Amino acid sequence: MKVHTYERAFLAVGIVVLLSCLAALLYASLAMGIHLPGISGRVDPKLVYKTAPFDHPGVRLAGLGHYEAVVVAQTWAFNPPVIRVPVGSTVYFTATSIDVIHGLNVEGTRLNMMLIPGQISRNTYRFTEPGEHLLICHEYCGLGHHTMSGKVIVEPAP
Amino acid sequence: MAALTPTVADPAGYELPDEQRRVLRWMLYIGYAALTAGVFHGLANALSYARISILGWFPGLHTYYQGLTAHGVANVLIFTFSFANGFLPLMTARALSRPLDRRFLWGSFLALLLGNVLVIYAVVSNRASVLFTAYAPLQAHWTFYLGLVLVVISTWLALASMLVDLVGWRRQHPGARIPLLAYVSVTSYLMWFLASLPVAVSFLVFLLPWALGLRAMVDPLLTRTLFWFTGHAIVYAWLLPAYVSWYALLPRQVGGRLISDSYTRIVWILFLLLSIPTGIHHQYTDPGISPTLKAFHGVLTFGIFFPSLATAFSVMAALEIGGRRRGGTGLLGWIPRLPWGDPSVTAQLLAMLTFVLGGATGLINASYTMNQVIHNTTWVPGHFHMTVGTAVALTFMGVAYWLIPYLTGRGLYSRRLALASTWIYTIGILVFARGMIDGGLHGMPRRTFMAAATYYDPAWRLPGMLTGVGGTLMFIGVMLFFLVIGLTVLAGRRGEQPADIPVSETLTAPALTGWEPRLDRLGWWVAAAVLLIVIAYGPFFLMYTPKAVSPGFKLF
Numbered sequence: 040m041k042v043h044t045y046e047r048a049f050l051a052v053g054i055v056v057l058l059s060c061l062a063a064l065l066y067a068s069l070a071m072g073i074h075l076p077g078i079s080g081r082v083d084p085k086l087v088y089k090t091a092p093f094d095h096p097g098v099r100l101a102g103l104g105h106y107e108a109v110v111v112a113q114t115w116a117f118n119p120p121v122i123r124v125p126v127g128s129t130v131y132f133t134a135t136s137i138d139v140i141h142g143l144n145v146e147g148t149r150l151n152m153m154l155i156p157g158q159i160s161r162n163t164y165r166f167t168e169p170g171e172h173l174l175i176c177h178e179y180c181g182l183g184h185h186t187m188s189g190k191v192i193v194e195p196a197p
Numbered sequence: 008m009a010a011l012t013p014t015v016a017d018p019a020g021y022e023l024p025d026e027q028r029r030v031l032r033w034m035l036y037i038g039y040a041a042l043t044a045g046v047f048h049g050l051a052n053a054l055s056y057a058r059i060s061i062l063g064w065f066p067g068l069h070t071y072y073q074g075l076t077a078h079g080v081a082n083v084l085i086f087t088f089s090f091a092n093g094f095l096p097l098m099t100a101r102a103l104s105r106p107l108d109r110r111f112l113w114g115s116f117l118a119l120l121l122g123n124v125l126v127i128y129a130v131v132s133n134r135a136s137v138l139f140t141a142y143a144p145l146q147a148h149w150t151f152y153l154g155l156v157l158v159v160i161s162t163w164l165a166l167a168s169m170l171v172d173l174v175g176w177r178r179q180h181p182g183a184r185i186p187l188l189a190y191v192s193v194t195s196y197l198m199w200f201l202a203s204l205p206v207a208v209s210f211l212v213f214l215l216p217w218a219l220g221l222r223a224m225v226d227p228l229l230t231r232t233l234f235w236f237t238g239h240a241i242v243y244a245w246l247l248p249a250y251v252s253w254y255a256l257l258p259r260q261v262g263g264r265l266i267s268d269s270y271t272r273i274v275w276i277l278f279l280l281l282s283i284p285t286g287i288h289h290q291y292t293d294p295g296i297s298p299t300l301k302a303f304h305g306v307l308t309f310g311i312f313f314p315s316l317a318t319a320f321s322v323m324a325a326l327e328i329g330g331r332r333r334g335g336t337g338l339l340g341w342i343p344r345l346p347w348g349d350p351s352v353t354a355q356l357l358a359m360l361t362f363v364l365g366g367a368t369g370l371i372n373a374s375y376t377m378n379q380v381i382h383n384t385t386w387v388p389g390h391f392h393m394t395v396g397t398a399v400a401l402t403f404m405g406v407a408y409w410l411i412p413y414l415t416g417r418g419l420y421s422r423r424l425a426l427a428s429t430w431i432y433t434i435g436i437l438v439f440a441r442g443m444i445d446g447g448l449h450g451m452p453r454r455t456f457m458a459a460a461t462y463y464d465p466a467w468r469l470p471g472m473l474t475g476v477g478g479t480l481m482f483i484g485v486m487l488f489f490l491v492i493g494l495t496v497l498a499g500r501r502g503e504q505p506a507d508i509p510v511s512e513t514l515t516a517p518a519l520t521g522w523e524p525r526l527d528r529l530g531w532w533v534a535a536a537v538l539l540i541v542i543a544y545g546p547f548f549l550m551y552t553p554k555a556v557s558p559g560f561k562l563f
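Protein chains in written order, with my numbering: chain A, 40 to 197; chain B, 8 to 563.
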């Protein structure tokens, strides 16, 4: 089978582009520390409110400039509905759902997780600028899905 | 230049028995009927992003999400597979000059029909407003799951009718290469057969018994992973029939030739191998799946981009040959010489152009870390309305402009109306996708009744309006398509239909010696595909202990 010179060139350029994209992703993941949610444990959806840390949803200090935000999703609200952190904080989000699949997207950031009953979702984000972000459930979760939202308020430095 | 090689066994022509043509034609009609319902809801969904609700105009509609379920199920499940069920067996029979297996063909049709009846019942009665992804623990009525399983079974039976044809042909022609048109048609559905097994297991073993009350609980991550095990490859099951047309038919329609036989077969083999072990890139943001496995699926997803790159070259080359034979000169002078007055050609050319943007946005979806910016925002439907919604749907519309006349024996009613439909649809999708993509970058969520949402970001205003305007144009385009097809079926002039399917020729013939005949050993390639699937999905299923924790929720 003979392959035309132009075709070889076209495919070679294509492969180089694909490999460069992969290299960029590798850099983002390893050097910039951008991670995806992974295996972070399980929880029985019926017992979420009786299981730590979900027995106390909310934001707590986890060290200097570090916060843990524990979020429980249910139809059709986030608990807590508002998350307040000072600017510059690194926030560890730990979240799950007590009923159906929900989503958790902090608008304007890359914080974006699925909340699946039975599974604990974790990810980390550093808020570097003050302001308000919508906290959106972005997976269809029934009739009231479009009413399910919250807020992340990043407060300016005092 | 060497002699040209036909992509079919007998270039002189072949006509299927009337009964089989009728079955295939009605298969297509089921698809178009579904598409009609689907696009009305699509209009309502698009306008909702412009914060206009027209749901009150739909008699009997309960909620936005019922309409969205109808839109997804009708357009991407019923329409696409009805078309493929009609188109691929017809191509196989034409390529091999043999009638299809009658029982399997009828079986396919009846399964599709019965599946539709059950799904329509479930969706129209608002017992299944779970969207086409059917994520547990939202629980639909059992007729929804059974109906969709029957639709899948109808595709298996269509494949069986093609395989019987192919095996019979090979027995009569030992040592001969499989005609290319049959090869690509059969391989497309072989890939889909493998791909469809996980969702069939999910529905039959878990969701259907659960909806019937025979199973109390399911594991939502397990059924979701089984869904996406099928759910990425399904997009290639939609796309490959369009590729069959681009590779094996369109060159003939523009007066060009396909450049290489073996090269084309390799592209299909790559789709067979790589379409399925990539599904976890739809679950990048899911908990419970190891990031290493996600990264592995990400790399394979980049791999599946390669056969589409190869397609871009092959198809463009075939078109260029056509344009130059029609008198085009210079670097790009062949483009205006293509037969833009033929709506079948124009629809497919515009489908390809849109697919460039669809492919590029798809690569971004597959990009491991970048996915977090756009996952489940309107970026995603912005992307897939350019792929399945245009590259596939507009190609299927373009094919219909010769296929419906061919099957009904009536000439196309109006070229001009068909051309108008094509252009309006294309302008519509570009405006629509611009809106959705932009909105998605600003976090506008997909699958959300935005016209009634209790939250809103002013940055979504312009994107939402573009989505509404573009969606309206797409709707008008499809309505014109239905008008043309309806008038063709009812009032097209008898005897003005094309005499034969437009089958292309290739510049390089398939070799009879060396390694190339091995491309035809489809059994081996299927085994290799299974091996890759085991490598890609094995780690998840070995390490994951399913825990049935979720009862059904009917929140619609």
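In case anyone wonders, no lab produced these hints; they're calculated from the structure. Watch out, some of these pointers could steer you wrong.
What the hints assert, rightly or not - Here are a few chain A residues that face chain B, going by a calculated C-beta distance under 8 Å:
no., residue
1, L69
2, L100
3, L103
4, I137
5, I140
6, R149
7, N151
8, P169
9, G170
10, I192
11, V193
12, E194
Stated by the list, open to error - Listed below are the simulated SDA-like cross-link pairs for lysine to any residue, each with C-alpha atoms no more than 20 Å apart in a straight line:
no., chain 1, residue 1, chain 2, residue 2
13, B, K561, A, I78
14, B, K554, A, R99
15, B, K301, A, R161
As the structure is a prediction and not an experimental result, all values here were calculated from the model. Cβ atoms here follow ideal geometry from the backbone N, Cα and C, with glycine treated the same way.
Status of each hint after checking the structure:
1. Proximity of L69/A to chain B is violated relative to the hint, the smallest CB-CB distance being about 10 Å (cut-off 8 Å).
2. Look at L100/A: its Cβ only gets to about 24 Å from chain B, farther than 8 Å, so that hint breaks.
3. For L103/A, the interface hint is violated, since its Cβ never comes within 8 Å of a Cβ in chain B; the closest pair sits about 26 Å apart.
4. A cut of 8 Å between beta carbons decides the hint on I137/A: the least distance to chain B is about 10 Å, and the hint is violated.
5. The beta carbon of I140/A is positioned within 8 Å of a beta carbon in chain B (closest approach about 5 Å), and the interface hint is therefore held.
6. With 8 Å as the threshold, the beta carbon of R149/A comes within range of chain B, its nearest partner Cβ sitting at about 4 Å, so the hint holds.
7. With a least beta-carbon distance of about 4 Å to chain B, the hint placing N151/A at the interface is held under the 8 Å criterion.
8. Here the hint on P169/A is broken, as its CB sits about 17 Å from the closest CB of chain B, past 8 Å.
9. With a cut of 8 Å, the hint placing G170/A at the interface with chain B is violated, because the nearest CB-to-CB distance is about 12 Å.
10. A distance limit of 8 Å between C-beta atoms decides the matter here; for I192/A the minimum to chain B is near 14 Å, and the interface restraint is violated.
11. Annotation: interface hint on V193/A violated; nearest CB of chain B at approximately 15 Å, more than 8 Å.
12. The criterion of a C-beta within 8 Å of any C-beta in chain B is not met by E194/A, whose closest approach is roughly 20 Å, and the hint is violated.
13. With a C-alpha separation of about 28 Å, the suggested pair K561/B and I78/A falls outside the 20 Å cut-off, and the hint is violated.
14. Between K554/B and R99/A, the direct Cα distance comes to roughly 31 Å. Violation of the 20 Å bound is thereby established for this hinted pair.
15. Taking the CA atoms of K301/B and R161/A, the gap is about 16 Å. The hint holds against a cut of 20 Å.
Consistency with the previously given hints fails for numbers 1, 2, 3, 4, 8, 9, 10, 11, 12, 13, 14, ordered from lowest to highest.
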